[in-house]
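J.: Fit the two chains together into the complex; they arrive one by one in their own frames, and the hints show the way.
For the protein sequence lines, the chains are A and B, in the order given. Mind the numbering: the first sequence is residues 1 to 315 in our numbering, read in order. Mind the numbering: the second sequence is residues 1 to 418 in our numbering, read in order.
Think of the hints as simulated: they come from the structure by calculation, not from any bench. This one's a predicted model, so the numbers in the text were calculated from it and none came from an experiment. A portion of the hints provided could be inaccurate.
[What the hints assert, rightly or not] Computed Cβ-Cβ distance ranges for the label pairs, DEER-style:
#, chain 1, residue 1, chain 2, residue 2, range
1, A, 163, B, 406, 38 to 44 Å
2, B, 388, A, 165, 33 to 39 Å
3, B, 13, A, 51, 41 to 47 Å
4, A, 140, B, 148, 40 to 46 Å
5, B, 229, A, 161, 50 to 56 Å
6, B, 250, A, 300, 51 to 57 Å
7, B, 273, A, 239, 55 to 61 Å
8, A, 116, B, 8, 51 to 57 Å
9, A, 4, B, 7, 37 to 43 Å
10, A, 69, B, 403, 21 to 27 Å
11, B, 403, A, 130, 45 to 51 Å
Beta carbons: idealized from backbone N, C-alpha and C, even for Gly.
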Amino acid sequence: MGRLERKNTLIAYSFLAPNFIGFAVFTLVPVVLSIAMSFTEWNGGSLANMHWTGLKNYADIFKSAKVGSTMAESGFFAGLGYFFNKVDLGIALKNTVFYTLVTVPLSLVCSIMLAMALNKAVKGAVGFRTIFFFPYVASMVAICVCWNFMLMKNGPVNQLLMNLGINFNKSWTADSTMAMWAIILVSVWRNMGYYMVIYLAALQGVPRELYEAATVDGANKWQQFRNVTLPQLRPTTFFASIMLIISCFKIYDTVAIMTAGGPGRSTKMLVLYIFQEAFEQYKYGTASAIAMVLLVVVLTVTVIQFSNEKKFAND
Amino acid sequence: MKKLLALVLAAVMLISVVSFAAAEEKKTLTIVAWDATTTAYLAEQKAAYEAEHPDVEIVYVDVPSQDWTTDMATKLNDDKFDIFMVKDVPSLLNWYKANALLPLNDYIEKAGFDLSGFKGMDEYYKFDGNQVALPFRSDFEVLFYNKDLFDAAGVAYPTNDMTWEQYKEKALALTNTDPANPIYGTFYHTWLSTAVNYTVADGVNTLLDGNYDDLAYFYQIIQDLEDAGACITFNEAKAAGLHYSGVFGNGNVAMMPMGYWYVATLADKIASGEYKVKNWGIASMPVKEGVKPGSTFGNLTGVSINAVSKNPDLAWDYIAWLCGEAGAKVTAATGNRPAWVSEDVAEVLAAKEGFPTDEGSKAVLLPTFVAIEIPGTDNTAAISAVLNEEHSNIMTRTVSIEEGIEAMNERVGEILGQ
Numbered sequence: 001m002g003r004l005e006r007k008n009t010l011i012a013y014s015f016l017a018p019n020f021i022g023f024a025v026f027t028l029v030p031v032v033l034s035i036a037m038s039f040t041e042w043n044g045g046s047l048a049n050m051h052w053t054g055l056k057n058y059a060d061i062f063k064s065a066k067v068g069s070t071m072a073e074s075g076f077f078a079g080l081g082y083f084f085n086k087v088d089l090g091i092a093l094k095n096t097v098f099y100t101l102v103t104v105p106l107s108l109v110c111s112i113m114l115a116m117a118l119n120k121a122v123k124g125a126v127g128f129r130t131i132f133f134f135p136y137v138a139s140m141v142a143i144c145v146c147w148n149f150m151l152m153k154n155g156p157v158n159q160l161l162m163n164l165g166i167n168f169n170k171s172w173t174a175d176s177t178m179a180m181w182a183i184i185l186v187s188v189w190r191n192m193g194y195y196m197v198i199y200l201a202a203l204q205g206v207p208r209e210l211y212e213a214a215t216v217d218g219a220n221k222w223q224q225f226r227n228v229t230l231p232q233l234r235p236t237t238f239f240a241s242i243m244l245i246i247s248c249f250k251i252y253d254t255v256a257i258m259t260a261g262g263p264g265r266s267t268k269m270l271v272l273y274i275f276q277e278a279f280e281q282y283k284y285g286t287a288s289a290i291a292m293v294l295l296v297v298v299l300t301v302t303v304i305q306f307s308n309e310k311k312f313a314n315d
Numbered sequence: 001m002k003k004l005l006a007l008v009l010a011a012v013m014l015i016s017v018v019s020f021a022a023a024e025e026k027k028t029l030t031i032v033a034w035d036a037t038t039t040a041y042l043a044e045q046k047a048a049y050e051a052e053h054p055d056v057e058i059v060y061v062d063v064p065s066q067d068w069t070t071d072m073a074t075k076l077n078d079d080k081f082d083i084f085m086v087k088d089v090p091s092l093l094n095w096y097k098a099n100a101l102l103p104l105n106d107y108i109e110k111a112g113f114d115l116s117g118f119k120g121m122d123e124y125y126k127f128d129g130n131q132v133a134l135p136f137r138s139d140f141e142v143l144f145y146n147k148d149l150f151d152a153a154g155v156a157y158p159t160n161d162m163t164w165e166q167y168k169e170k171a172l173a174l175t176n177t178d179p180a181n182p183i184y185g186t187f188y189h190t191w192l193s194t195a196v197n198y199t200v201a202d203g204v205n206t207l208l209d210g211n212y213d214d215l216a217y218f219y220q221i222i223q224d225l226e227d228a229g230a231c232i233t234f235n236e237a238k239a240a241g242l243h244y245s246g247v248f249g250n251g252n253v254a255m256m257p258m259g260y261w262y263v264a265t266l267a268d269k270i271a272s273g274e275y276k277v278k279n280w281g282i283a284s285m286p287v288k289e290g291v292k293p294g295s296t297f298g299n300l301t302g303v304s305i306n307a308v309s310k311n312p313d314l315a316w317d318y319i320a321w322l323c324g325e326a327g328a329k330v331t332a333a334t335g336n337r338p339a340w341v342s343e344d345v346a347e348v349l350a351a352k353e354g355f356p357t358d359e360g361s362k363a364v365l366l367p368t369f370v371a372i373e374i375p376g377t378d379n380t381a382a383i384s385a386v387l388n389e390e391h392s393n394i395m396t397r398t399v400s401i402e403e404g405i406e407a408m409n410e411r412v413g414e415i416l417g418q
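Just chain B, with the same shape it has in the complex (with noise of 0.2 Å):
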């Protein structure tokens, strides 16, 4: 009986050693990405990338996007992996000073790659003039809108040029408060962006300059729409751990501020029929008085390179393909907004199945001016986590929006001050 299952053993051994090595003829290249399994985009490039390039695999290791962050700090230095995917310019910064990443400049340089392409917003990938990652998304927030919502409503749709009043005012006349079918004027997910970024579409205002007496402007759009019961309150949204794609999806929300990235989801899901919403549009984000319609904020998404990589000419090779016109056109086909900013590239955009076919959400498409949501310096992260502990004060009513923002300018004005 041993010496059987001492046979076996070693004969799953030798198998395994064999299929390794058998494994080895094509060329792999290692992407750690977030929600790698959930996400479209991602296996319509690997496809694109492995149909042009039959010997190389793109293999990618999953993690999930809360564990993002803490995650990605045990995978830094590790030369299994390849190319880091970048979710966020402040985690970028401190891989950047962990030494973590390879400076993509030469490579830049030797293949002549033109940056023009991304309407300046690779600058937010540099640091002490080092390129050390490229943008192949660019995110920007829009207002997705219920069309039939409004039409039920009598309400006009949302144009490219609102203000935040008119926001409001609309907001308040699509609320139905009626208990067996309410309706919600808006609908704000729990993050601190979806509240008050707005401010920054100014291009003057930044999350980080320690004054944030502007943000209370913004504050108290929410707490007035959520008091008059135009949209769900902060605490029910965290209790209850909504995602706002269920809740838009559920057809009973008529406006919700979001990050262009849902129009993929959104398009899938109601050819799919998980979706109860049938007709919607995207209208430009409001904008305060005396702001150029068309203005908001964004993200951006990226790729670098790690630098104990085994590949990193592979490495260099998929970046440019995908950060450039070719990849851009792929990932415009998922129907996601490309970094890459060109007639073809909104073509392939609007072209996108379940697309809302009016002028007003194809006009959206090309914005007047996208500030980015937070730049990465060295207090970014630390400045964020006061922030997003201020904002769960102010939103959950423990203290009023003054004081909010009083402590919010405490506590920043120390960390700026060190």
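The following block holds chain A by itself, in its conformation from the complex (with noise of 0.2 Å):
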């Protein structure tokens, strides 16, 4: 190597040393260590406590002697059935997954929506986008306090239901169907103005010829979204979907203020289950086995979306 080539090489290196460094002493080490102390047992206290178990808590968060004895028993799916209906790690993953394929889709179609209308140099339009853009940027405590109140018996998202004639006379936090929907409702909220200027950006690249040509050709409003915008989209939508597919399985801040999880466990998230492990039953070992789960759920969805690259990617 030429002193040159040495000489950019070491720049190069400085340049990402700080970032890497801090990479690693905040990121790297403590996965690592995560996934190594999930194969032990610590209350969190001096290291001596710290006990090699093996597989165990793996065991333990499936609860697979149970589950693999209701299989024998009644058969695979009634095992199943336990699993995800009576087991604290398989109510965390169905409640996450539901959650998940609910919330991004929605976001996605809210945020589209939201960018299609204002892409237009509409007066008013640049407000309308701060106003949309602000929950993403506001503190999440505050927001989760307020759509408690909102969302409370006599609040005003009751009223407003009744006043369209749905008599839904409870506390959408009460009930263990509409606590999830809350959740969702939140979220979307939140999400829709991020991506929004994530869309608004990526329309302004879609370039002004192919809408000519499409008019040309006698396509109609929704044909041009369908054939042309929504295609060069594609690049956006595959970001945006991996992103929040991402963050929509660590919800956690949301879940632990509007309802910590309940009423019962139906709302409990695989990210407040860690949580409760770790900091409530001090149960290191459990709450990291619990983590690589979730590590392992996330990373094959990743994997599979990125091994469809070719087709949602512009050539």
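T.: Written out as structure tokens, the structure reads:
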């Protein structure tokens, strides 16, 4: 390597070093330790209390013994039913997946619609963009407390529903079905501003000529949207959906403040479950094991999405 | 400009170093407590101890009470802290298992500390023979009642030997569902303890035995009262984040089962004019048929020494003072019931300004039997979590009482079976 080349390489590394050191110390090392910790049991005190337990934590969180015996007695689906309805990890997985499956499409649809609406130079468009983006930067705690009040039994949302003829006579967060929808509502409301901004930027990048060509060919607005805009937005949609899926699997603050996993376990999410195991039950090994499950799930989903990249990305 | 900035910064650093050195003259005792800025007795205890020991300065590290369990997890094994206050036995057990506490057995023996004043409550802080903490407050649940509302409705005051049936009758009789000025017969805070812990007052049932059929009795009472409009529903209380202190203080709730600690807050806030309620009293908690009147459940608040504290002797000196008769009198003077029981301490308690003057209320100060809310065992934390989840299911009417209790039995049975 020539002197100049070496000097350039050194300069490059020195620019990368601070960020990488930070990443290594605060992310990489803890993640690796967490993987190791999932095979131990530790109650958070002195390190002398850490005991190697092998796969016991995983057996515990999956309740493999009970699930296995249920499957042997009553069949495969009975065992699965037991896992997803009675075991904490199964319930958390089910809730988180349901939440993700609903929130991601809803957020994407709402953000695209908002972006389309505000893309034109309408009067006050900039003001509206700010208003829609604001929830994303506002304090999560403040948002959740306000929404809790709005979703109370005689709160504004229920009164609006009554005026529309739907008589829902319960506080949303006190009902085991609606509590999940309360969280979905708050999340979508918060996400749509952020992804609206991303889509706005992407929409700017759609070449005008394509629309003009489509108009010449006789396409109406809806056909233009379906056949010009959406395909052009595929890379953005791919990016947005990956970000959304990952952040949905990591949902914690909304749930902790609005429902604390309740009523019962109807809104118990994976990260909330990890938090409870680690900091309320002092079982760091078990919590790490659950975190590993979360890691594997998110990794699988992301890998599947990336392997389909050819389909989604523009050539 | 840059030179000036550098000089200023250096001067600031120098000053801070000097002041830090100067501050080292006094011995500092660092105590981790919850709601340190709003809890009256903490300030009084600090002042009283510092008056007797002028060379010691007590510093409270404040943690909000709802974050207590999680925040404490980060404070164990940190030698900055000398004393940890003990909020509940399950957490204490976790700290003990994490080897974060200094056992007090040697100190107690050397000082000849007499444990009999605790009437056996100190046993709850003993694990495997290690006395890891001593209690300085022993709260128990009593029934607060609003005398003015009882007079207005012409209903007799609660007595110290009521049954739950009589309590329910009074609650219904006192209820006025007029939307302009609603009067509620009673109020239940959203905790599991205020709803059903009364079951342990018989000294037989506990919350850890895996059988919760006895809780159905109390859940039924609450739901009947909710349906009759005699108390604010759990859903409303939860969603609005209602705090019992404000609700009773507002003067439109006739009765409220709550911990004795509320006496101090009530007395202070009525004196300052913040609360609308004027005349109030306390009565012994109602009991089921066959249980001795004056039986209730309670909790301990204590102090423990950090295993890696740099001032263990000073910490013990404070603990011995705080939990013994001297500290007990200071705590009693603030209106909080100390763990140390004696006639003198009871006198101080009853003499507190604002304490109701009727004989019935005074008699409550010497309970017949106080069962601990939830003893500390290996499974306590896991069982508490399960009970709280099913409690919210039952109270929000997501499931019926029978289904909820069945779920409790099943899930706790699994934990106990492991």
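J.: If a hint holds in the structure, say so; if it doesn't, say that too.
T.: Against the structure, the hints:
Judged by the Cβ atoms, the range 38 to 44 Å given for residue 163/A and residue 406/B holds: they are separated by roughly 40 Å. The given range of 33 to 39 Å is respected by residue 388/B and residue 165/A, whose C-beta atoms sit roughly 36 Å from each other. The given range of 41 to 47 Å is respected by residue 13/B and residue 51/A, whose C-beta atoms sit roughly 45 Å from each other. Hint check: residue 140/A to residue 148/B, Cβ distance near 43 Å, so the stated range 40 to 46 Å holds.
A C-beta distance of roughly 24 Å is found between residue 229/B and residue 161/A, which places it outside the suggested range of 50 to 56 Å. For residue 250/B and residue 300/A, the Cβ-Cβ distance of about 54 Å falls inside the hinted range of 51 to 57 Å, so the restraint holds. A C-beta distance of roughly 59 Å is found between residue 273/B and residue 239/A, which places it inside the suggested range of 55 to 61 Å. The hint said 51 to 57 Å for the Cβ distance between residue 116/A and residue 8/B, and at roughly 55 Å that hint holds.
Take residue 4/A and residue 7/B: their Cβ atoms lie about 42 Å apart, and the range 37 to 43 Å holds. Restraint check, residue 69/A to residue 403/B: a C-beta distance of roughly 24 Å satisfies the suggested window 21 to 27 Å. Checked against the given bound of 45 to 51 Å, the beta carbons of residue 403/B and residue 130/A, roughly 49 Å apart, stay inside it.
Consistency note: the structure conflicts with earlier hint 5 alone.
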